[in-house]
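S.K.: Keeping their order, the protein sequence lines are chains A and B. Start counting the first sequence at 94; every next residue gets the next number (my numbering). Start counting the second sequence at 42; every next residue gets the next number (my numbering).
A hint or two may mislead.
Which chain B residues face chain A? A few, computed with CB under 8 Å, are given here [said to hold, decoys possible]:
(1) Gly183
(2) Leu284
(3) Pro342
Short derived list, chain A residues pointing at chain B, Cβ under 7 Å [to be verified]:
(4) Phe132
(5) Gly189
(6) Phe198
(7) Leu200
(8) Ile217
(9) Ile221
(10) Thr251
(11) Gln270
(12) Glu313
(13) Tyr346
(14) Arg367
(15) Gln369
(16) Val412
(17) Val414
(18) Gly421
Derived by calculation from the structure, the hints in this document are not laboratory data. Where a beta carbon is used, it is the ideal one built from N, C-alpha and C, also for glycine.
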Amino acid sequence: MPELPEPDVAREWLATMTLIRRFEERAGEMYARAKIGGFLHLSIGEEATIVGAARALRDEDYLISTYRSHGNAIARGTPPERVMAELFGRADGCCGGHGGSMHMFDLERRFMGGYGIVGGNLPIGAGIGLSSDYLTRDEVTLCAFGDGATNQGTFGETLNLAALWRLPVVFMVVNNQFGMGTSIERHSAVTDLCRKGESLGVPGMRCDGMDVRDTHTVVEEAIRRVREDRRPLLVEAVTYRFRGHSMADPEEYRTREEVAQWRERDPIPQFGERLQRAGILDETARELVERAAAERVERAVEFADASPFPTPESLYEDVYVLGDRPHGRYHA
Amino acid sequence: MSELRYREALNAALREELRRDKRVVLLGEDIGVFGGAFKVTEGLLEEFGERRIRDTPISENTIVGMGVGAAMTGLRPVVELMTINFSLLAFDQIVNHAAHIRYMFGGQVSVPLVIRMPQGAGHQLGPTHSHCLEAMFLHVPGLLVAVPATPADAKGLLKTAIRDDNPVIFIEHESLYGVRGEVPDDEDSLVEFGRARVCREGSDVTIVGVSRMALTAERAAVTLADEHGVQAEVIDPRTLRPLDLDTILASVRTTNRCVVVEEGWPHGGVGANLAALIAEHAFDDLDAPVARVSGADVPMPYSKPLEEIAFPREPDVVRAALSTLGVTSEAAR
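All chains, please: the whole structure from these sequences, using the hints.
M.R.: So this is what it looks like as structure tokens:
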């Protein structure tokens, strides 16, 4: 088992994972109260994959993810207030209420979305890598997606191109064992996902996605190698989502026993206990972390509640970049 | 001015913009070593090198998506799809990503991407290789659509497209690549979006021709004048979005009659859209319904005599124009 990081770093990891957990739980409650509409995909159980990966990135590295990305945005530093306001569809949301849960984005923090289409972010991640390569910059792109996405056409196309053009991309498969309601044994002929890129030219590594330290160690190594060698790598993080695919999912495709077994490996108490055993945190301090997360999330809900809805006039904003004197009709 | 072929005009536009702005890069199948399936990119690899002129594998959806990602992070990519037929493979990246990213992310980024592709039938390539799909791109908010019919417009519009910060669908035509025309030499001579070209003035009927059909409409106008004494005003919209509706409406208010000629299918086509717009804005000026001449509502057949009647020819345009004037097809023959 890898060594723990510096105490301050370890505490920050625990605090961020806890913040994400509380945020997601509260978002679920807000959805049940119809404050949030549409689809809501929660990362409960996957926090180690989010924080372990995000903390292996430099500020100038890019992160691109899927429709299950509230945690990615928060881990990169987007204020939970802006994420919750986006979920509530308010004007102060990080995307002005235009994107919602599946389409978060924060350019300033190089969190490049937030995409509703399974596999849709892979080519874009490779395109960001192309930019970095062409502009001869040092940055790496971490492109995260689920086990289901490894079957989308873009997986094969993108990995081939990234390997061929030597793009600085870490392809991270967040393998939570299910493509929506279909277990991995039923959707992938090869379940050893870290090997799935080999035939395309992208070697793979695996980490324990329920262990933030292991995830960080492996992802950090992958990023280091990609930054040096300028060749893509794949990292498979084996994890589990404790809730359904989305809030609308009755989870008829798995047993409660299976979920309960995985809950015993909950990444947050697991890491918290490890820190406690190592003397980095005591019981009181752990409670303070919990309370701080809960309070922050409450502030986020208050902020979201107080934020106005976008005006009707804003419906047509930001479809196009219009110059000083546009000619002709851009809309009907 | 120089006399250039349409493909040479495009080549000149690409060369000038590649020289002008280091952020411009080209991606496409066989654009480099092969010089492009239609030779539009000939010589560019030699001048600009393989980091800027990139031959891609056959992966349309991902090539476009990479263009999107690169455009979001500082480059100005020009993606070539070998023909519009293969753009269907890339529709997820074109619609859900290129067209929507600026809006759905609250204006935080733009996608300054140009996607070039030729379209058209007439070479017996059959159903999967003969599409004209401008209407499908016109349908999508977030995209701009250019349909140049002349070498000058091809060059001027492509330069504008590359300098524009929106995703532009740049539709060329396979049968126009060899057509010659006068092209300005000035490297800063651009054709603005949203400005239609009145190819020929007339007061009896307005004919709007899309892409290659602008040339067909011009030839029909000659026949209408010489053989029927009808003076047609021919308009080439040049861009479908943004659309220079004002020029078209001003013409219809004078002629009171309109024909739209397109190669695409009739349902939901450019003509259908224009007919609705003209009826909405100039109903009282119309003396006849807007007539549409479109591609036949069938997959494009292979056999030569069938293909010949499956997309608009000059006599079809003449007939349609005369019908708006109450002249029947028998009298027209």
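S.K.: Starting from the hint list further up, note which numbers the structure goes against and sort them upward.
M.R.: The structure conflicts with hints 3, 4, 11, 12, 13, 14, 15, although it agrees with all the remaining ones.
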